[in-house]
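Throw the hints in and build the complete structure from the sequences for me.
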Amino acid sequence: MNEEKKAALQMLKTSKGQIEGIIKMIEDGRYCIDISNQIVAAQALLKKANSLILKQHMNHCVKEAFLHNSGEEKVDEIISVLEKIMGK
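Using the numbering used here, the letters of the sequence shown map in sequence onto residues 2 to 89.
Hints are not guaranteed to be accurate.
The calculated BS3-like cross-link candidates involving lysine-lysine, where the alpha carbons are at most 25 Å apart (straight line), are [stated by the list, open to error]:
#	residue 1	residue 2
1	Lys56	Lys75
2	Lys56	Lys6
3	Lys17	Lys7
4	Lys49	Lys85
5	Lys6	Lys85
6	Lys17	Lys64
7	Lys17	Lys6
8	Lys14	Lys25
9	Lys49	Lys6
10	Lys89	Lys48
11	Lys85	Lys48
12	Lys49	Lys64
13	Lys25	Lys85
14	Lys48	Lys14
15	Lys48	Lys64
16	Lys49	Lys14
17	Lys75	Lys17
18	Lys64	Lys6
19	Lys25	Lys75
20	Lys17	Lys49
21	Lys25	Lys56
22	Lys25	Lys49
23	Lys85	Lys75
24	Lys6	Lys25
25	Lys7	Lys85
26	Lys48	Lys6
27	Lys85	Lys64
28	Lys89	Lys25
29	Lys7	Lys75
30	Lys56	Lys17
31	Lys89	Lys14
32	Lys56	Lys89
33	Lys7	Lys56
34	Lys7	Lys64
35	Lys85	Lys56
36	Lys48	Lys17
37	Lys75	Lys6
These are calculated hints, taken from the structure and not from any lab test.
Right under this line is the structure:
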């Protein structure tokens, strides 16, 4: 497992803990703004993890595909993900 995937995995594990904490906050009837702030923090961590996974994909999978003349398909995959991220 390369460094990007290791870092993304750690971020995902951290966000899992954050989400479990958010669920407990809701169950405990905590203040809505505090809950919302924690949701925003979890979303930010998930975005960072996704960015690392995409970086890894570009640096390894896409690069390898271009070396074997099949890079266009990988570019289309990246474009599809970016469109989802941008809400298109």
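*Going through the earlier hints one by one, which of them does the structure break, listed in rising order?*
6, 13, 17, 19, 21, 24, 28, 31
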